[in-house]
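Asks: Just so you know, the sequence shown maps onto residues 363 to 613 in the numbering used here.
Think of the hints as simulated: they come from the structure by calculation, not from any bench. Please note that a few of the clues may not be correct.
Claimed, not checked - Simulated pairs of lysine-lysine, DSBU-like, Cα-Cα distance not exceeding 35 Å:
no.	residue 1	residue 2
1	K491	K603
2	K444	K430
3	K585	K513
4	K430	K486
5	K444	K603
6	K491	K585
7	K430	K491
8	K603	K430
9	K491	K557
10	K430	K557
11	K444	K557
12	K585	K559
As the list claims (entries may be wrong) - Simulated restraints, written as ranges between beta carbons of each label pair:
no.	residue 1	residue 2	range
13	R598	K486	21 to 29 Å
14	A588	Y461	16 to 24 Å
15	R598	H474	36 to 44 Å
16	K557	G432	36 to 44 Å
17	G515	A554	19 to 27 Å
18	A554	A433	28 to 36 Å
19	A475	R409	21 to 29 Å
20	R487	D512	16 to 24 Å
21	K491	D595	24 to 32 Å
22	P567	H474	17 to 25 Å
Glycine included, each C-beta is placed from N, C-alpha and C at the ideal position.
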Amino acid sequence: MKRTFSILITACALLTLAFPALAGEVQVAVAANFTAPMQVIATNFERATGHQAVLAFGATGTFYAQIKNGAPFDVLLAADDKTPAKLEQEGGAVPGSRYTYAIGKLVLWSAHADRVDAQGEVLKRGDFKHLAIAAPKLAPYGAAAVETLDKLGLLSALESRFVQGENIAQTYQFIATGNAELGFVALSQVYADGKLKSGSAWIVPDTLHRPIGQDAVLLTRAKDNAAAIALIDYLRSDAAKAVISSYGYTP
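The whole structure should be built from the sequences, with the hints applied where relevant.
Replies: Here it is as structure tokens:
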């Protein structure tokens, strides 16, 4: 009995020595468009490092305001590159930690299989009552949607039909539930493993809006947080890039 107990104590001691730094936690503010891939990445990150990523999803503009007001986030995964750069300039992020973890794709999507054609001509036909977009002042994908419609010369004609979501997740829900016949969302929300999950879609050409570069940054409060630093590094790994690519992003 004593021998067995001794073996157990030794085993526990070895585990403690092997994983002393693997019990960290990182609070992550994640742009809503990156919800699905980040959930996968967080699980893989914990398996690979022992650190736990606690995720919150929402609009980048809202997260910026919360961070400025002292919200306890350690890492921001934004839907743009401007917000992390602004935080860095204002002293809210660790200098040199910012980088682009993904380049997003905008898509016009409907939950109905025959609603959206492959060229997006449905926008010109206008045979719909509601067009969902994310709030342009809060969500970069909403800003890209407005820019796209402006480039197509359709903004003034369709603006009165907008149904605005606070973020891209709410915008997706408007379309999925039929409150809007179609709308602009992130490709990652309707795409997985190289194919469209449901409905019909037009992938908006990159020439119709500015690139949606999505930057990650380590926030100042977490400059000594080993788990936060490890997550920033892990997002650069081949394993994370494979997940990012599978949801339609360019890593």
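Asks: Each hint: holds or not?
Replies: Hints, one by one, checked against the model:
no.: 1; hint: K491 - K603; verdict: 39 Å, violated
no.: 2; hint: K444 - K430; verdict: 15 Å, holds
no.: 3; hint: K585 - K513; verdict: 42 Å, violated
no.: 4; hint: K430 - K486; verdict: 41 Å, violated
no.: 5; hint: K444 - K603; verdict: 22 Å, holds
no.: 6; hint: K491 - K585; verdict: 49 Å, violated
no.: 7; hint: K430 - K491; verdict: 38 Å, violated
no.: 8; hint: K603 - K430; verdict: 30 Å, holds
no.: 9; hint: K491 - K557; verdict: 28 Å, holds
no.: 10; hint: K430 - K557; verdict: 38 Å, violated
no.: 11; hint: K444 - K557; verdict: 30 Å, holds
no.: 12; hint: K585 - K559; verdict: 39 Å, violated
no.: 13; hint: R598 - K486: 21 to 29 Å; verdict: 41 Å, violated
no.: 14; hint: A588 - Y461: 16 to 24 Å; verdict: 19 Å, holds
no.: 15; hint: R598 - H474: 36 to 44 Å; verdict: 39 Å, holds
no.: 16; hint: K557 - G432: 36 to 44 Å; verdict: 42 Å, holds
no.: 17; hint: G515 - A554: 19 to 27 Å; verdict: 33 Å, violated
no.: 18; hint: A554 - A433: 28 to 36 Å; verdict: 30 Å, holds
no.: 19; hint: A475 - R409: 21 to 29 Å; verdict: 37 Å, violated
no.: 20; hint: R487 - D512: 16 to 24 Å; verdict: 19 Å, holds
no.: 21; hint: K491 - D595: 24 to 32 Å; verdict: 47 Å, violated
no.: 22; hint: P567 - H474: 17 to 25 Å; verdict: 23 Å, holds
Violated hints for the displayed structure, listed by number in ascending order: 1, 3, 4, 6, 7, 10, 12, 13, 17, 19 and 21.
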